[in-house]
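Protein chains: 2
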Amino acid sequence: MTASRREKVEVVEVGLRDGLQMLDRLLPTKDKIAWINVEHACGVRRFEVASFVPPKLMPQMADAAEVVAAAKRLPNISVTALAPNLKGAAAAIDAAVDAIIIPISASEAHSLANVKRTTAQMIAQLAEIRRLCDERGRSVRIHVGLATAFGCTIQGEVREETVVHLAQACVDAGADRIALADTVGYANPAQVRRLFGKVRAKVGDRLHAAHFHDTRGTGLANVVAALDEGIRSFDASLGGLGGCPHAPGASGNIATEDLVFMLEAMGFDTGINLARLIDTQRRLAQWLPGQALYGKIAAAGVPKTYSTQAHAAA
Amino acid sequence: MTASRREKVEVVEVGLRDGLQMLDRLLPTKDKIAWINVEHACGVRRFEVASFVPPKLMPQMADAAEVVAAAKRLPNISVTALAPNLKGAAAAIDAAVDAIIIPISASEAHSLANVKRTTAQMIAQLAEIRRLCDERGRSVRIHVGLATAFGCTIQGEVREETVVHLAQACVDAGADRIALADTVGYANPAQVRRLFGKVRAKVGDRLHAAHFHDTRGTGLANVVAALDEGIRSFDASLGGLGGCPHAPGASGNIATEDLVFMLEAMGFDTGINLARLIDTQRRLAQWLPGQALYGKIAAAGVPKTYSTQAHAAA
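These protein sequence lines map, in sequence, to chains A and B.
Counting in the working numbering, the first sequence tops out at residue 314, every number present.
Counting in the working numbering, the second sequence tops out at residue 628, every number present.
The set of hints was computed from the structure by calculation and includes no laboratory data.
Hints are not guaranteed to be accurate.
Here are some chain B residues pointing at chain A (derived, C-beta under 8 Å) [what the hints assert, rightly or not]:
hint : residue
1    : 530
2    : 538
3    : 576
4    : 609
5    : 610
Pulled from the structure, derived: some chain A residues nowhere near chain B, Cβ distances all over 12 Å [claimed, not checked]:
hint : residue
6    : 10
7    : 73
8    : 139
Where is the CB? At the ideal position from N, CA and C, for every residue including glycine.
Modelling step: build the complete structure from the supplied sequences, incorporating the hints.
Written out as structure tokens, the structure reads:
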């Protein structure tokens with residue numbers, strides 16, 4: 001019963017959304033569903049599987065409802081999807097997601113570029129989505145991802161006070177949970193500790209999760225900093241799938257398998273079987289032949305000192 | 315004068331030793347010297363430039379004395395070299411290094427594989443090298459790198475008590491400084507905090523530096539953990555040059571440029587100009603065409619939010 005005494009950390013697979021949305025090619029629906037099934041069998045229980053956006057804008061996400069429905073058939077799973085507006089949120093609710101992720105940029109410049117709305121307009125959208133959820137009487141939760149919280153490739157600096165006030169505005173408008181997202185891979189561990197501390201001081205436990213990219217190699221270092229601030233939920237992408245269209249050769253989200261390796265080695269309980277997860281990364285490479293993948297543990301192999309605990313994997 | 319108020323962290327370029335020793339090809343002496351010159355101009359002031367070992371065993375290091383002599387011509391530089399035995403140490407002293415690095419493995423299995431001596435025999439060597447330095451009356455310092463301190467690819471687990479006792483034995487035998495080295499990339503941040511804390515409790519400030527590999531993606535995360543334990547000296551290799559002969563595709567030392575980026579972004583003063591360092595990484599790629607390099611910041615680019623402080627670069 002050693003496993004139960006270890007502190008739990010939640011790992012959220014976002015590759016099907018944040019990883020795939022960058023790709024030129026389409027991953028067929030059946031491969032997306034296979035990916036979710038195989039990774040669920042590794043012990044992963046939270047998946048962000050799609051964006052509810054117009055298929056014309058993002059053909060990769062045209063099968064969002066179908067993918068959500070397939071994922072929801074798995075036991076003990078929590079399925080989330082991104083929705084940037086009321087129409088997308090309505091479709092996500094119809095698809096029976098467990099939570100809607102609303103991206104709200106702390107950088108006005110990024111907000112305009114990404115969703116063609118100001119930050120204030122996005123807060124208004126959030127309030128409308130809150131009303132919609134309440135009207136429908138469904139238990140859909142609303143998570144806000146505070147994008148570019150650590151800086152922005154377009155506008156540069158994002159003031160920490162802006163992020164703190166925005167987090168409070170999101171809570172006031174009805175967000176159940178807040179994540180701070182380093183959308184562009186600018187964050188460093190000192191900044192992570194400072195900003196998570198400030199936002200938590202304002203909104204308490206509504207600050208729930210961290211979304212880090214490894215664009216500049218600091219992804220896992222930032223996870224350590226966020227762990228120190230009490231965060232126990234992290235987004236990651238299998239094989240670090242994602243990249244950045246503005247920086248050739250630059251990687252995207254932290255790799256799920258590297259995150260799980262580090263957390264488990266540190267003594268946290270992710271409930272995920274690492275060896276199986278590495279096998280799943282190799283299957284992803286087959287589904288997306290020629291695709292650049294990142295992360296290190298799959299190539300280097302699991303250390304002899306990595307203890308194999310009793311995992312909750314199905 | 316803001317720069318002077320920032321806390322200093324020492325970055326030690328070990329690529330010329332730990333990076334090059336793995337390569338099949340030879341880097342010509344003139345290119346080694348150019349590398350040191352160019353990186354010195356970025357503000358790097360500590361270089362581990364060679365191993366004093368039999369040229370038959372390691373042809374890459376046959377020019378050790380010549381490289382040390384060239385490096386020593388640069389202003390304000392500290393030049394170190396590795397020497398695994400008395401003969402090597404004598405040659406290093408003759409070459410006028412500032413410090414000799416003696417590698418002592420915490421894993422007996424690794425010690426036998428690496429230097430064909432037991433750990434106890436290496437402690438005895440260390441004592442003899444101490445006597446040699448004292449006899450010669452030179453101000454050569456002795457640094458011990460405690461290899462495989464976090465685990466070993468051959469024997470697996472290395473007991474923390476073993477590392478603590480070994481550190482004390484090294485101090486007793488005359489080591490001026492101790493570094494804990496994650497030779498095989500097994501360390502995780504929780505372990506780093508624990509082991510650095512235990513060793514410091516035993517030997518105090520003789521525990522001086524950390525040597526991390528990024529084989530499994532945790533390199534910079536481990537730096538954060540060691541910073542928390544008060545460590546302010548880190549080894550790194552430009553472009554992450556090094557790799558591991560036993561793990562194809564696996565990277566080696568943490569990349570100097572990524573380390574400098576993270577430290578400076580966190581508010582530490584390395585005295586190193588990051589933009590110039592990235593240019594130097596590109597020159598390294600020219601000196602070693604086709605060579606796999608690692609690290610992220612060179613491909614991703616420096617963030618808009620990275621403030622350019624007044625650096626001590628020449």
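These are the hints, each one checked on the structure:
For residue 530 of chain B, the shortest C-beta to C-beta distance to chain A is roughly 5 Å, which falls under 8 Å, so the interface hint holds. Satisfaction of the interface hint for residue 538 of chain B is found here, the shortest Cβ-Cβ separation to chain A being roughly 5 Å, below the 8 Å cut-off. Proximity of residue 576 of chain B to chain A holds as hinted, the smallest CB-CB distance being about 5 Å (cut-off 8 Å). With its C-beta approaching chain A no nearer than about 6 Å, residue 609 of chain B sits inside the 8 Å limit, and its interface hint holds.
The interface hint given for residue 610 of chain B holds, since its Cβ lies 4 Å from the closest Cβ of chain A, which is under the 8 Å cut-off. Every CB of chain B is more than 12 Å from the CB of residue 10 of chain A (nearest about 18 Å), matching its label as outside the interface. Separation of residue 73 of chain A from chain B is adequate, the least Cβ-Cβ distance of about 33 Å exceeding the 12 Å criterion. Every Cβ of chain B is farther than 12 Å from the Cβ of residue 139 of chain A; the closest lies at roughly 36 Å, confirming the non-interface assignment.
Taken one by one, the earlier hints all hold for this structure without exception.
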